[in-house]
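Read the sequence shown against my numbering and you will find it ends at 117, with the numbers running on by one and no gaps.
Think of the hints as simulated: they come from the structure by calculation, not from any bench. Heads up, some of the hints might be wrong.
Capping the alpha-carbon separation at 25 Å, the derived lysine-lysine pairs in BS3-like fashion look like this [claimed, not checked]:
| id | residue 1 | residue 2 |
| --- | --- | --- |
| 1 | Lys46 | Lys21 |
| 2 | Lys90 | Lys44 |
| 3 | Lys66 | Lys55 |
| 4 | Lys21 | Lys68 |
| 5 | Lys101 | Lys90 |
| 6 | Lys90 | Lys21 |
| 7 | Lys46 | Lys66 |
| 8 | Lys68 | Lys44 |
| 9 | Lys21 | Lys66 |
| 10 | Lys21 | Lys44 |
| 11 | Lys101 | Lys21 |
| 12 | Lys44 | Lys66 |
| 13 | Lys90 | Lys46 |
| 14 | Lys55 | Lys44 |
| 15 | Lys21 | Lys55 |
| 16 | Lys55 | Lys68 |
| 17 | Lys55 | Lys90 |
What follows is a set of in silico ranges between Cβ atoms, one per label pair, in the way DEER data are often shown [stated by the list, open to error]:
| id | residue 1 | residue 2 | range |
| --- | --- | --- | --- |
| 18 | Gly20 | Val105 | 21 to 29 Å |
| 19 | Pro112 | Ser85 | 26 to 34 Å |
| 20 | Phe62 | Phe86 | 30 to 38 Å |
Glycine included, each C-beta is placed from N, C-alpha and C at the ideal position.
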Amino acid sequence: MKRLLLILSIFTSLSLFAKGKFVYLPDGNAVYIDGEEIYPMAAKVKIVESFPDLKVQVVNSFPDVKIKIINERPDRGCEWQIVESFPDYKIQFVESFPDIKVQFVNSFPGVPHPSNK
1 MKRLLLILSI FTSLSLFAKG KFVYLPDGNA VYIDGEEIYP MAAKVKIVES FPDLKVQVVN
61 SFPDVKIKII NERPDRGCEW QIVESFPDYK IQFVESFPDI KVQFVNSFPG VPHPSNK
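Let the hints inform the model, and build the full structure from the sequences given.
Take a look at the structure:
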């Protein structure tokens with residue numbers, strides 16, 4: 001319970017100062033903060049064509065985050081499980097004006113150069 005309150009207080013304080021930024025948490029996971037919305041990068045995501053929570057552009061170089069697609073429940077940072085029901089949030093793939101740019105990888109997922117993001 002104390003850990004949950006600590007994480008919620010960190011999220012609240014970070015959301016006041018960071019907009020559209022990746023933040024590393026003490027447990028090693030990463031979150032994307034956009035205004036008042038917080039998106040954990042270890043998540044179940046659903047791919048949609050309209051009304052997404054996040055617009056994602058897939059790139060081969062200079063990503064904001066490197067994501068590993070997995071089949072089981074994600075428990076570490078920057079791992080996504082693609083689901084059809086009960087997602088943590090919905091994403092839409094776009095060619096321009098993304099919220100985040102991702103590169104899909106098989107190993108070493110994470111936020112490149114966290115001091116610059």
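A quick look at each hint next to the structure:
1. A hinted pair counts as satisfied when its Cα atoms are at most 25 Å apart, and Lys46 with Lys21 qualifies at roughly 22 Å.
2. Note on Lys90 and Lys44: the hinted pairing holds, with a Cα-Cα distance of about 9 Å set against a maximum of 25 Å.
3. For the given pair, Lys66 sits about 15 Å from Lys55 by alpha-carbon distance, which is consistent with the 25 Å threshold.
4. Distance hint between Lys21 and Lys68 is fulfilled; the C-alpha atoms sit about 19 Å from each other, no more than 25 Å.
5. For the given pair, Lys101 sits about 15 Å from Lys90 by alpha-carbon distance, which is consistent with the 25 Å threshold.
6. Restraint check for Lys90 and Lys21: the C-alpha separation of about 18 Å stays at or below 25 Å, so the hint holds.
7. Among the hinted pairs, Lys46 with Lys66 is consistent with the structure: their alpha-carbon atoms are about 18 Å apart, no more than 25 Å.
8. The straight-line distance between the Cα atoms of Lys68 and Lys44 is roughly 12 Å, inside the 25 Å bound, and the hint therefore holds.
9. At roughly 14 Å between alpha-carbon atoms, Lys21 and Lys66 fall within 25 Å of each other, so this suggested pair holds.
10. Pair hint Lys21 plus Lys44 holds up; C-alpha atoms about 20 Å apart against a cutoff of 25 Å.
11. At roughly 12 Å between alpha-carbon atoms, Lys101 and Lys21 fall within 25 Å of each other, so this suggested pair holds.
12. For the hint linking Lys44 to Lys66, the alpha-carbon distance of about 16 Å falls within 25 Å, and the restraint holds.
13. With a C-alpha separation of about 5 Å, the suggested pair Lys90 and Lys46 falls inside the 25 Å cut-off, and the hint holds.
14. For a cut-off of 25 Å, the pair hint linking Lys55 to Lys44 stands: about 15 Å separates their Cα positions.
15. Taking the CA atoms of Lys21 and Lys55, the gap is about 14 Å. The hint holds against a cut of 25 Å.
16. Taking the CA atoms of Lys55 and Lys68, the gap is near 17 Å; set against the 25 Å cutoff, the hint holds.
17. Taking the CA atoms of Lys55 and Lys90, the gap is about 9 Å. The hint holds against a cut of 25 Å.
18. Between Gly20 and Val105, the C-beta spacing of about 22 Å keeps the proposed range 21 to 29 Å intact.
19. At roughly 32 Å, the beta-carbon separation of Pro112 and Ser85 lies within the given 26 to 34 Å, and the hint holds.
20. The given range of 30 to 38 Å is respected by Phe62 and Phe86, whose C-beta atoms sit roughly 33 Å from each other.
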